[in-house]
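Colleague: Single-letter residue listing:
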Amino acid sequence: MTTSYLASSDDKTAAEDPGAPLLELEDLHVEFRTREGVARAVNGVSYTVEAGKTLAVLGESGSGKSVTAQAIMGILDTPPAFIPKGEVRFKGRNLLRMPERERRTYRGRRIAMVFQDALSALNPVFPVGDQIGEMFRVHEGLSKRAARAKAIDAMDAVRIPAARQRVGDYPHQFSGGMRQRIMIAMAIALNPEVLIADEPTTALDVTVQAQIMDLLGELQRERNMGMILITHDLGVVADVADRIAVMYAGRIVEEASVFDIYSRPAHPYTKGLLESVPRVDEKNQRLRAVEGLPPNLMRIPSGCPFHPRCPYKQEPVCTTERPPLYQIGPGTGAACHFWEDVRAESQAEFAMHKEGGSHAID
Amino acid sequence: MGRYTARRLLQIIPVLFGTTLLIFAMVYALPGDKVQRISGEKKPDPARVLYLRHKYNLDDPLVVQYGKYVGKLASGDFGETRNQRPVTDLLKEEYPVSLKLGLVGILFEAAIGLGVGIIAGLKRNGLFDRTVLITTLVLVSIPSFVICFVLQLLVGVKWRGFFHLPVSGIRDGFPEAFILPGFCVSLLGLAVLSRLTRTTLIENLRSDYVRTAVAKGVPRRRIITVHTLRNTMIPIITQIGADLSSIMGTAVVTETVFNLPGVGQQMAQSVRAADAPVIVGIVTLLVLIYAFLNLVIDLMYAVLDPRIRYD
Amino acid sequence: MPSTEPVLEVRDLVKHFPLTQGVLLKRQIGAVRAVDGVSFDLNKGEALGVVGESGCGKSTLAKLLMSLEKPTSGSVKWRGKDIFKLRGREFREMRRSIQMVMQDPYSSLNPRMTVGDIVGEPFEVHKEVAPKGDRRRRVQELLEMVGLNPEHINRYPHQFSGGQRQRIGIARGLAMRPDVIICDEPVSALDVSVQAQVMNLLEDLQKELDLSYVFIAHDLSVVRHISDRVMVMYLGSVVEIGTDEAIYEHPTHPYTQALLSAVPVPDPTKRNSRERILLQGDVPSPANPPSGCRFRTRCWKAQDVCAEVPPPLVDRAAHPHPSACHFAEEKSAEQLAG
Amino acid sequence: MTDIDRHAIGSDGSAVVTPGAVQGTTTLGTPGGDVGQGQPVAERHGSLWGDAWRELRRSVTFWISLTMIAVFLVMAVFPGLFTSHNPYALDGSWECDLSNSLRGASGGHPMGYDFQGCDVWSLTAYGARASISVGFIVTILSTIIGGTLGIVAGYYGGWVDGVISRIIDIFFGLPYVLGGLVILTLVQRPGIQGVVLALTVLGWVGIARIARSSVISIRDADFVVAARAVGARTPRILLKHILPNSLAPLIVVSTVGLGAVVASEATFSFLGIGVQPPTTSWGLQISDASSHFIGGEHALLWPSATLTVAVLSFILLGDAVREALDPKLR
Amino acid sequence: GGSSGDKGGSASASSGTSGSTAAAPAKDGGVVSINLSEPQFLSPGQVNETNGSEVLDALFTGLVKYDQDNKAVLTDLADSIESTDNKTWDIKIKPGWTFHDGTPVTAKSFVDAWNWAAYGPNGALNAYFFGPDAVGIQGYDDLQPAKEGATPKAKEMSGLKVVSDTEFTVTLVKPSNVFKTALGYTAFYPLPQAFFTEGEKKFQEAPIGNGPFKMSGSWVHNQLIKVVRYDQYAGATKPHVAEIDYKMYKAAETAYNDLTAGSLDILTQIPPSDLTRAKSDLGDGYQEDPSSYYAFLGFPTFDPMYQDINVRKAISMSIDRATIGKTVFQGTRVPADDFVAPVIPGYRQGACGELCTYDPAKAKQYWAAAKNKPTSVTLTYNADGGHKEWIDASCNFVKKSLGVGCVGKPAPDFATLLNNLDKAKKTKASFGAFRLGWIMDYPSAQDYLGPLYSSKGSSNYYGYNNPAFDALVNKGTQETSDDAAIKDWQDAGDILAKDAPIAPMFFGASQVGFDTSKVANVRVDPYQKVDKFALTVK
Ligand SMILES: Nc1ncnc2c1ncn2[C@@H]1O[C@H](COP(=O)(O)OP(=O)(O)OP(=O)(O)O)[C@@H](O)[C@H]1O
Ligand SMILES: Nc1ncnc2c1ncn2[C@@H]1O[C@H](COP(=O)(O)OP(=O)(O)OP(=O)(O)O)[C@@H](O)[C@H]1O
Ligand SMILES: [Mg+2]
Ligand SMILES: [Mg+2]
Ligand code: NI
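Protein chains in written order, with this note's numbering: chain A, 2 to 363; chain B, 71 to 381; chain C, -18 to 319; chain D, 342 to 671; chain E, 7 to 544.
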């Protein structure tokens, strides 16, 4: 326990450092201690979310994006999850060291989260209206009626049709996309300072998705909200993100501004990812994918964890030496020993594609 | 749902027939001479034997006896007790007593069982959890007669000045007269209920929606009482319903110790005397009560968990 | 090219969910018309993409096609027989031949079964498919096929990430090598790379086994990539159906056009340069859909006739594929792409 | 944001990999493609029950409870191993002396004497057979019967549920004493067998209701729908999907209920229809002692304590099994 | 008749009437509460158990009562009861007596009441008393239906004749010197006209009697019967207390707790489990009164294993009754040493002789001498009567003394016990000994010997049959002099001691508890009735 935080924890406002970044992760580790072994889901993640900005977290499925988010929220079940190391600082205060009672006041109100799996994340036995309204009741002490009225507004905001009639309905009565929107409505209900959105729009059609992203963008501008957007939809990322962090095997393998990532990825995994997007001109061809299986988190490969799948791999450096996050530019980094080669190559390809290629829809 | 309820209510008719027939057959099957049973240890004299055989149609085969009984029942006549009192009077006097006892017992059981179970569930395998387990088990292992009696002795006699609780009879009225006996009967079901609460709570505490509630910043107490409890309520209310049945079944001890004129002790006496009209009357009403109770509980399932549909 | 021999014939399928009020004795106060008169054929070897607004009834349609929900009316014919009337052996045969990948990955996995058991369940159910000793190997193959680590065969669903769970569902759907797979958003939680693997897999299987797909997704490029035909739904009914080319290049229904215009492009430089058709007005409630054309409340072309006559789903002059709009016309490419 | 990844290789001490653990190329897209060469394939066939067993083997609670149960079982079969006195021996050897009535513990009689002047410890040893076998068998039988009927009623609903549930309603109202009297006189088999039969016939209902309730709350779960979609037939759905997910309340109710079963056995004995001398049981001992508990506390306490320990061991066993069956708790 | 089982009832243990402690000065008025269990009935024709008798004793005054020596004496109501031949009795009553509803008590009140009770279709429990097995009034048989459901020939017994408002005659079928004694029984109370107009059922809820107390309100079932002093009571002695509340209890233990808690004034029988602490709890409020109860073991004659008298004697002599009485019964039972209870005129201490003496050595000899004997002794009892402990204790003595196995075998209730006995008889199976109990209805040896041991005795379940014994009992009943009768009966008793068809076990004794701060002069008779005339409030 860091004494300085402890000493200042009596006075909440004093402890928060207005100069510090809104949310800062430093060397966060999360492991699941199971009978079969220790699964190291997050292995030293560090990133920063600035007020009013969006950090998109991309990455392989199973690379630890959701676990990181849950660690920030402090909702991992212990056991099996343990955080052996790392800090999560909100305006300079380490959330991980905060007494549970105090930390609760941050959840929902200052940091909110949209869960990936909307159906199981909603309580099956309460009307959705009550679940949204609970935010107002718990944090703002509103009456049941007033909370419900606000819940209807929130549902309207996320464009759920006939919200007034359907506030009393239960989660299972809604479609997948509607549930997801209810989660979103709940998360933004209290205008949090940080919003962690874990794949918030996967179940939404593009028109609604656009509207929801607009809504979030608006909120962000109005309230200066910082957002962590976990998504697989590169289109959405391209539209809204300011910065991007790419995760692989529990680590950040590349971090850059949105423009850099798309035009000249410096990590082979990122590059592979971008190449996997389906394109209309290749309709009858196989999609390109990063070959190979994701690593077993109980036995993460030595050296660069990506090396078994990496086309740029060179023995022995890649198999023995873990690449640090090489700093490429200000706030830009890539964890590849040969990032320069990769970057150069992708830049060249990008230019070519600009000339002749076309996207799926354009 | 309306149709379901209607269907359930209709099903009560065959249930009543089944119950009365079953009880009738069971009383019929009781060993020993019926007349002798009604007379206790005294040898009935021949004139009385004739009288009783005639009165209870004892010479008829079971079906005929039953038919005659049901015929009377159809006109609302529950028959007479062996002491020649109308069974309806008996039911009117004794049912309210037992129902009040059951109600108070269930309230105690629910309050204590849920409370204790929740705390034990939150601190799984902790000291409290273990203590509760052992305590409730000791309560299960010691006959309720002893427990009730000790309670009566301590609270009613030794600490009378402190508690001011009546310890016998119902003349002090509801709820005073029922507090101690109610508490006593509640002890029986406490072990199961607290354990059940604890277990279902543990199962649910790890679900995703609890995690969501935590992420929403909902206070712990509210998470338990509002979010988790409702999801765990179905087996719990089922158990509480079943406990009402066992309370009524074992009320004989409590009713005897606390001198409550309820159906429990009546049933014990009547079974011994093979007093069919009384037993059938009591059981029929009891089954009716359970049929309604279980219907309400089943409907509660759908209220507690909207995913449950009846149609 | 897929044949024209239909494996599924869907006719006038309707599913209404009752809307109730009250706590103990629930009164019905209306119905959500989740699926409201849907007809189409699914041909052998064909992939039919289904897109549409969230909540327009796609998942419900999928469940109906599996006979997991009872329809309010209408029929689904499989091998010439109505699947809702099948019993016994035939029913089981149908269950073997039509498989589904459910939209909600986690809740559709038994929390007390290992992944191996979940994916292997179809083998246990249809014992004739794989000999007992072989099943485990097959399960591991399946896991690997969908990009899951076969070493994780003994894990339980809660130990996986969202995308991994989704892949477990896919593996289960593929296990039987069915004739028809109904995929309800099978790749929504996958990163593009894994998504690409899965899509490739689906395509390979299709080629190899002459599989048919009903492919529900929101990612229009994914849909386009895999589909031979695309069906666009709005508020419980089909508004436009046609080959991928017809729908993507020559959409004639305003909703389809709006949909296509909203597709985000994975290119940050085009961020604010696209022109999106912004749909105005509130989304109508499926419990109380607008009269006539259901889209009219948000349609920029709506006229009086739209409120009165529901437009039939027929081939339109603008482009020869069925579209349910009185004023079907193509938008120029520039308008769409901006 | 420089040097984000500040730790060096292996700083978390785990970045060691089995060579070839993850091979680069897999044949994605080829159905039936080989499992990657040299890949360590999990040989163990994990299944809920197998995993539960593995879990149990590591559980201290499990072994403790199992040991206690084993001791009780041995006591039930060979009470003579635990004591040299048999107060109910029929060979005329005499053990109880009224002059020892309610006397406290003394050498060789660690639990003292009961009201009749019999050694409490030997009675307890000899009472194990009836109590343990009645408690054990009745609990198992009524859990099986009640569980099965409850699950079937809950799953099928409709008229099946109607019939089973109405029978349950009737049994709820049925007085234990009457039922016991009739059953035990009809079967003409007093003693352990008869008591087991009567208690099972009367005891399955509570368990059936609990089973039914937990089935009702999961029968429409998505994973059950998914199993149906795969073509699983009802027995499989019941056994593989519904049962494991609705077992917890069943285990709780039946293991705690074991105590109630033993007590009911005593009631029957007390009424003259249960086990009878020369057989004895804990319940009988307890109910005998309860009329003299003032002044004879030890005669009540010891058998009660023994019963408590026996029930406790079953509860702990049940708890260990239940926890082992919950993958989320591992 | 007479009923057995010792749940509610008890009576016996003569003499030594300790009575209440120091006779407190009589104070008039006040309320006393007495414990009771729910009576079965409250109409004289039906009451045959202690609880109903206790209430009716307050509400009614009959023709005969029993004095301290259990001799029948006339009540204030009876003028004379006379007979020359023990067959025709002339009964005169005093005028001026009224029922609680104001109507006069006349000879007809008696005759009607008795006829009603004897009339078969009324199904009265006490009909038996008018029949040949008890007092035997002429014409009784005509009141009984010939077969089930039939209407009897007559509605009135020919042996009852109203002579005037204050006189009636009774003719018996055969001479009986027990008649006068029997008149003290509840069955012989008079009934007002209201009983016949309103019907028995309604009457019972608030009986209208002619006794010192009248009902206040009606019978609150299972809870309370409240009676208040009847101001027009015509008897010479009048009660002191103004009101008696009969509080009903299901368990004597609860009543005891209430007594110590101050919510109850008199407990007529302290339960054995509380006896150890009763003396210290109650102080002067603990009192021992004579009681009448007789418990014994019957040996079925059909059982080949028990036909050898040596077996029966061995078993009887192997049991230490005194120790069991002290330990198991806490002194509420004393060893039986005759075949009639000590409260009966004609009881002889030690009349049972060797048979009732605890002598393990001798017992063992008898056992050894027996040829045909059971390998293990069984003592059957009904489990609902609280007999388990003394049976088990007895068994332990049998084991200890004879070195043979012994088990106490419960039957759920008496009816089942009889049923099993019957079955054993039919199948010729061994049944072993079984317990029986007896409470007298009126203080006469005939009330024991007739029903229990005579070959046609109503409660002779074990089938004892000795013509010589039967003849003696009969002879006694017909003797005109009391002393001669007693002599005959004692001779009959000697035959029993020789034959040993049963093993006498215990006589009862009753322990009364009361609240000394509230009541005084508490006296309980062998029928467990509280003496309402003596009772006073402090
Ligand atoms: N069990 C139910 N009870 C009541 N309404 C339901 C139920 N299931 C679905 N609905 C309603 O039916 C409509 C269609 O739902 P469905 O799940 O089919 O939509 P969808 O097209 O799959 O949407 P999404 O893309 O968001 O998953 C929605 O309005 C939904 O609320
Ligand atoms: N309880 C657990 N026990 C063991 N491993 C776990 C557990 N929970 C999660 N994991 C593992 O942790 C890793 C990270 O999971 P996480 O949910 O963060 O992935 P993700 O990046 O969000 O992926 P997706 O995009 O598929 O949702 C996964 O490989 C998963 O298998
Ligand atoms: Mg995730
Ligand atoms: Mg859907
Ligand atoms: Ni392009």
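One or more hints might be untrue.
Chain B side only, calculated, beta carbon under 8 Å to chain A, not exhaustive [as the list claims (entries may be wrong)]:
1. G146
2. L161
3. Y165
4. P166
5. D278
6. V288
7. N301
Estimated spans, in silico, between C-beta atoms of each pair [unchecked claim]:
8. D:V501 x A:D157: 20 to 28 Å
9. B:Y98 x E:G337: 42 to 50 Å
10. E:G337 x D:T408: 45 to 53 Å
11. D:D432 x E:K377: 42 to 50 Å
12. B:L177 x A:G142: 38 to 46 Å
13. E:K431 x B:L177: 49 to 57 Å
By construction, these hints were calculated from the structure, which means they are not laboratory data. No residue lacks a Cβ here, since even glycine has one placed at the ideal position from N, Cα and C.
Colleague: Decide, hint by hint, whether the structure agrees.
Modeller: Verification of the hints:
Nearest Cβ of chain A to the Cβ of G146 (chain B): about 43 Å, over the 8 Å cut. The hint is violated. Given hint, L161 (chain B) at the interface with chain A, is violated; its Cβ is 39 Å from that chain's nearest Cβ, farther than 8 Å. Annotation: Y165 (chain B) was flagged as interfacial toward chain A, and the flag is violated, the nearest CB pair being 35 Å apart, outside 8 Å. For P166 (chain B), the shortest C-beta to C-beta distance to chain A is roughly 35 Å, which exceeds 8 Å, and the interface hint is violated.
Interface hint at D278 (chain B): satisfied, since its Cβ lies 4 Å from the closest Cβ of chain A, which is below the 8 Å cut-off. About 5 Å separates the beta-carbon of V288 (chain B) from the nearest beta-carbon of chain A, less than 8 Å, and the hint is met. Interface restraint check: N301 (chain B) against chain A, minimum CB-CB distance 6 Å, threshold 8 Å, status holds. Look at V501 (chain D) against D157 (chain A): about 45 Å separates their beta carbons, and that is not inside 20 to 28 Å.
Separated by about 44 Å at the C-beta atoms, Y98 (chain B) and G337 (chain E) satisfy the suggested range of 42 to 50 Å. With their beta carbons about 48 Å apart, G337 (chain E) and T408 (chain D) fall inside the hinted range of 45 to 53 Å. Taking 42 to 50 Å as the suggested C-beta distance range, the pair D432 (chain D) and K377 (chain E) does not conform, at roughly 21 Å. The supplied range of 38 to 46 Å is broken by L177 (chain B) and G142 (chain A), whose beta-carbon atoms lie about 31 Å from each other.
For K431 (chain E) and L177 (chain B), the hinted distance range of 49 to 57 Å is satisfied, since their beta carbons lie about 54 Å from each other.
The structure fails to meet hints 1, 2, 3, 4, 8, 11 and 12 from the earlier list, while all remaining hints are met.
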